[in-house]
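Q: Here is what each chain is made of, one letter per residue.
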Amino acid sequence: MRGIVKRFPGVIANDNVDFELRAGEIHGLLGENGAGKSTLMNVLYGFYHADEGTIDVFGKPALLRSPADAIKIGIGMVHQHLKLVSDMTVVENIILGLKSPKGFLTDVASAEKRISDLGEHHGLSVDPKAQIWQLSIGEKQRVEILKSLYRDARILILDEPTSVLAPSEVKGFFAALRNLKQTGIAIVLITHKLDEVMDITDRVTVLRKGRKITTQPTSSVDQQKLAQLMIGEEIPAMVAKSQTSADEVLLQIRHLRVFDDRGLEAVKDVSLEIRRGEILGVAGVSGNGQRELVQTTVGLRKPASGSITLHGGEITGKSTRSIIGFGVAYVPENRNEDGCVSDFGIDENLILKDFDKPPVCNTIGPQIPTFLNEKQIRSRAKQAIADFGIKATGPTAKARSLSGGNLQRLVLARELTGQPQLIVISQPTRGLDVAAAEYVRSLIVQQRNRGAAILLVDEDLAELVAVSDRLAVMYKGEIVGLLKPGQFRPEEIGLMMTGVKKMTLEA
Amino acid sequence: MARLKITPKLEITRRALLTVTLIAYVASPLVVLAVLAAAGKSPIIALDALYRGTIGTVPGFAESIVQATPLMLLAIGLVIAFRAKVWNIGAEGQQVFGAIVVTWFVLPFLKDPWPSYVMIPIALLLSFIGGGLFAAIPAIMRSKLGINEVITTIMMNYVAIDALNWLVRGPFQDKSIPGSYPESPIFPQQYSLPIILSHSNVTIGIIISVVSCVLVYYLLFRTPLGYSIRAVGLNPSAAKTSGISVNRVVNSAMILSGGLAGLGGGVYILGITHELLPEQASGIGYTAVVVSLLGNVHPLGVIFASIFFGALISGMSSVERALQIPQTLSLLSQGIIIVLILIIQVFARYELKRA
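Residue numbers (numbering that gives the first Met the number 0), protein chains in the order written: chain A, 0 to 506; chain B, 0 to 354.
Isolated chain A, as found in the complex (with noise of 0.2 Å):
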């Protein structure tokens, strides 16, 4: 791929990148949220135009018009979203949209055959006839790589690949990763994860805000280098944490059992509690109950048993309306879906928990609503922006114009006003970019020495590791740990998180 050059609205995302890859080789592509790695593979796999370039594969220019032309000459992407029909078996999913040999008639048999024996081969083995919704998310994974496979694929672009991994699931799909590249097929493996560019990648082309920086062999780089690389600055330190006197619980869970939306038990028997000017981190791989853990807690579904109560108040079962009346402050996982509505305005995102009493919202009295309060909703905003540091044209750009970050920063600020007490908070820093992510962080803590109680949930374990007082660790909807500090040991979390290690509990 020779300069390649893609505009987006407003932004850069490429800006001349030069990419070359070889075959039998993996190749990290490496950069921060937002660096272009995406776009760039997105415009090899045919699925973005390049608005300059070029692209030779196997020699050949080629005419990328779709992802069917990438698919044609032997390219193949696994999106960090998997795209999978989950009603659909392992073999339908991987023959969807391909002529069957049989005319209208499918051929499941051979196919299904095939499937197995590229499967075993690769070591990518997966049941052909199984139901996608029933395997695991790994095993999904192998899926979309077989069904890259199944069309020949000898270019593999993998796009974050293992975000969606336990750690012990990564050794494995690292092992099949290194088969596949025995066989000649080359690898693209983007990637913001610098342990496992050294670990598997040959090469590494790091990208910073749409410009590639350099490419090189990974025997020549180590991981301080890549990182400077990627951030081209340095990583801003931690916001050191105030003493606080953490006595006084404030949130108590006990024995809590929750079903999830398909009606299995996903938490299981639970008790925790957060004491006033705490950060209780959950670690856990995604899906284990924390979803569940934290919905429950902010009432947006309903337990089966157990008891949530907040400075001693029972909550459990009670609205997400009242809820938030005691003061308890949520920071959902999904920005987009759950956090903000994304044709609203900053200022009408600002208003959404308290839109209908004072300031935001003249009453008759204390009680009844009438008109809302432009003035204070506009003022709010302002706030809100100048206070945040939130970039955006104005009060009223609409919440879908802001990048990541800028999102994050208005949910929070939201959630922010009114000195809640207890912070719910999920994926802080999913998808931002490092700058983003330490200014979240660094809020977290500052409500942490406020005096607010703080249930943070994370699949980012290092995050964790470095703003949490205790942790927990969730599998299976079980907590299978609770971890004081310095007995934060990243290894051993791991090995709980997968369900190798228990800890016994004290009552």
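Be careful, since some hints might not be right.
[What the hints assert, rightly or not] One side only, chain B facing chain A, incomplete, derived with CB under 7 Å: (1) Y216; (2) L218; (3) R221; (4) T222; (5) P223; (6) A230; (7) N234.
Hints listed in this document are in silico derivations from the structure and should not be mistaken for laboratory results.
Keep in mind the model is a prediction, meaning the values are calculated, not measured.
All residues carry an ideal CB built from backbone N, CA and C; glycine is no exception.
For chain A, the structure is supplied; the task is to place chain B on it using the hints.
A: Chain B only, in chain A's frame:
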């Protein structure tokens, strides 16, 4: 070489929307002429008739306003529902039910009713309540049982229409003349909406309609209820996460929407027909869906779209008379115009850029 490329816009600007809508409005008469020319009719005569039936003459203008009046009320009601992403297709049934409730109120007081300023407000209020209650049924079916409101509101239309047809042949039928038509007795003068344009049927109904649009504007953009309606419509999941009761909002939007449709039915029967007729179910509830979309689901847009549609209906009937063409040909033109307008509106979402 400068090439032009069509790219989607990040944000649809108000200006783009207005421009495009204006183009649609201007282009549609041309479509009518094209259709008629294709059918071998003189476009010159058609153009003249269209002009006289809309803005060219006082009667034509009056008829346009008369046609626009109930349409506006139905469409503005739908704006509330559509803003909450509640797909109320039941304006037809709701306006019919509003008119039925009005008739039910009027019939016992046929002789010596109280004066207009007492009876009309009561009748209109009842039509609003009737439409609201009628819409409450599908609203509750959706919020309590999760039944899709598109299906239930459409089915409720048939309930209302069949009830109407039964009532005008049964309990409500004018029995004073033996073997009479399926219609209720004619309402006494006290129930007629005051006329505001002499020698026409333009009543205070148009004022009620426009004021309703303005009120709905304030409701949607200046009150907490309107805010929650828009929030639920744009992102129910975020609304729920922030403690908004989605079901309550959906119910409110649906009931208000039905209420305004009911009021539209009330204004129609008290302003135009002065009796309950099977023709109360004229399909206006479906036209209102188009009008509300044509008005960009915005109160001010709905005012213009309703008047435009009223003019279209009035103008086309003038063309029908002038050219002696069947109504189907004018309905065909209307259909083409609607499709054309919806296509043109898509362009607001794109812009031309140098590639």
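Q: Hints first: check each against the structure and report whether it holds.
A: Verification of the supplied hints:
no., hint, result
1, Y216, "violated (12 Å)"
2, L218, "violated (10 Å)"
3, R221, "holds (5 Å)"
4, T222, "holds (6 Å)"
5, P223, "holds (4 Å)"
6, A230, "holds (5 Å)"
7, N234, "holds (4 Å)"
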